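Turn these sequences into a full structure, and let the hints guide you.
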Amino acid sequence: MGNSPDLLLLIGGPQGGGIESAGQIALKTLILKGYSVIGTRDYKSNIMGAHSYYTIRARFDRPGAIRFPVDAAVALDAESILTHFNDVKPGGILVYDKGSLHTKIDAIQPMEQALKERLKKLFADKGLPPIAESAIKLAEEKGVRLIPLPMRQLVRKLAEITGASLTSVARAVNTIGLTAMLYLMGIEPRCVEKAIAAHFAAKKKVVAINVEASKLAVDYVEENFGAPSEFLADGPHRGKKVMLATGNEVVAMGKITGGLTFQSYYPITPASDEAIYMEKFRYHQLTSEAEAKLGTPKLGTVIVQTEDELSAIIMAIGAASAGARAATSTSGPGFALMNEAISLAIMAEVPVVITIWQRGGPSTGLPTKEGQQDLLHALFSGHGDNPKIILASGDHVEAFYDAIKLLNWAEKYQTPAIHLLDKYLASTTTVLYQDEIDPGKAVIERGWRIENPTTEKRYMITETGISPFIPIGGDTMIITGLEHTEEGFPTEDPVLRDEMVEKRRRKFETIAREIPAEEKVVLHGDPDAKVTLVSWGSTKPIILESLKILEEKGVKANFLQIRLFYPFPVKEVLDVLSRAETVINIEQNDLLQAAFLIRGFTGYNIKHHIKKTNGRAFWDTEIANAVLEILETGKREVVVKGGA
Amino acid sequence: MKSRPPSGGAASSGNDGEEHSRRCYNCEYWRPHVHYPYIGYCVLHQKFTMDTDTCDNWTPLKIREGDFYWCSTCKTRITGEEARKLLEKGHRVHRGAYVDPDVREELYSVF
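As they're listed, the protein sequences go chains Z and V.
The end of the first sequence is residue 643 by numbering that gives the first Met the number 0, with every number in the run present.
The end of the second sequence is residue 110 by numbering that gives the first Met the number 0, with every number in the run present.
Honestly, I wouldn't trust all of these hints.
Said to hold, decoys possible - Restraint ranges, calculated between C-beta atoms of paired labels, are given here:
#, chain 1, residue 1, chain 2, residue 2, range
1, V, T75, Z, L121, 24 to 34 Å
2, Z, K570, V, T75, 52 to 62 Å
3, V, G79, Z, G90, 44 to 54 Å
4, V, H44, Z, L145, 36 to 46 Å
5, Z, G383, V, T75, 42 to 52 Å
6, Z, P235, V, T75, 43 to 53 Å
7, Z, D589, V, Q45, 48 to 58 Å
Stated by the list, open to error - Covered stretches of chain V (in silico footprint by chain Z; criterion: 3 or more residues with CB under 8 Å from a CB of chain Z, positions within the stretch not fixed):
#, region
8, 20-29
9, 33-41
10, 54-68
It is worth saying that the hints were derived from the structure and are not from the lab.
Please read all numbers here as calculations on a predicted model, not as lab measurements.
Note that the Cβ used here is the ideal one computed from N, Cα and C, for glycine as well.
Okay, structure coming up:
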């Protein structure tokens, strides 16, 4: 779309200090202005007080990636000034609390020691004292427009205007900073005020305080820095009905739309928000099609917070064995604890969906940061020969429909099905248009089920490897992790053992045959491009943005998105890779796990790699620049390192 | 209580570069907001004030070795012994902190 502004904004402050609200209000403001938006939150794992920030990108068409530097930033405390002073473009705007300027670096307790040392050295080299004001001086030297706000005076004034207590108005400092930034960027205050009303809809007093805070910010900015020369043009989506949702939320919506009746979980970042969101909708009206399939007009999804992850998956396996449409949700460390039960679900042929929200590992690693490090863990989880379906979603829309598909595939093929997602997708809010998330498009398939058994052969040996699903609790009461007969009784007979091994293998041959090619891989861009980028998961929209940058620089590239990792789409992947002159693999892990699997399954050895392991999501510019570097130098590997 | 704006004084206020004494921030009864330490709660008068406000009931903060305190400069709980040392360094030390009960609405679930 022509003449579209491309706004990159950042709001930083103490966790618990209103950063999430400010981010959400900013997104709503920009939607009211008619823009398409994405926003992502970045926070630390200490719960309260440490630095967190919200980054937003807005333009006429939907942005696919966040990148730095930004056009404008709000720093609500000294740590935010010191963390982000260098993240603003020359000519950009930095709004900050001028009461924070004399704060010494060493006095900021939650700040990373490594960052403190880097800053102290930087300031010392330039002859500046180790205080927040030095960061402001460097930003000014770079050509950043400085907007100091006297927060404590503004808070006192706001208390006088509204008659509210100081602590009530203190929570509106985010609104003061945000409004100042948006106003100077050319966004009308009325959009901010409407967004405030929408965000705090149920709290009239809070709306009143924040609207006054917004007005106060505009008055102060006009008086001290002048009004913007003009407001930005409205975007093409003004007045459209849209949805704002995070990755966690769309997966919850997908599961409920897909007829989920049981979800168990043990709290873990970044997975918990999915089940917590789902709890809001535990009773819901079904579509007529779902009603026919599930035999009830109103469905209650049972959501259970268990005592640990092993219980969570065992409970889901139990529910699925009894006929529920069941899932559990976790991240890497939690999935590690589920491993024993994965094998049980495979041996007992139990349909259970496991949603894995990856984060930076190993171990507890970076609990609140990005990582794509559990691909091999997902594939090789459990013991014994243990195939399971593994599907990775690339964006919010895919994640919604994939959640439904995986419930279908788990039941149709009676096997665990793993939904591979990650923290960036979990925490990123995007705008979704009315027809993109359409429950009417959801198809519920439950496979070959016998509720009133005419056979006792729960594990009937068939050509397809798929047996009739008979819920336990009726005529059949057997479920076992031991090798078993067709009826489910334990056996160690060598002939029967081989027959069962072969039956389970045939099942995965059936899955590989029946899952449509378009669900396995997607080739984005010109199929004849000489450069092919290969990746998976939430890097999809970021790489699509990178392709545009590369095209502007004269490089035509396409992007092979691998979605299905097991059964691995050997033919589909080889078809694409064998046509490309240069193949570059892009991943957010150190071992290059997808490239390892591609080599193992297809024999194709990808020679060039771009990776990021610092816990921050890729930027589109980083990928484009790394591709250019590889094409120019022939480098095997480029590690990109952007992020605060 | 009648909060008053500062009327001058000689003592250093800590790290904000202003000169104050007998202000809320160094009063026994004052608990600074965890995130916005220029606002706090007076447990004597049961109301919120700014850090540089004052009143006739101002009482100096007493430091005892066995007690715990809140350092709003470091945003952390400290012992009485630590409190003495940090006050000498110009940190702001208080009897406790005010935790905004609505802060949970802005916290992410981290496990």
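Task: In rising order, the numbers of the hints this structure does not comply with - done: 8, 10
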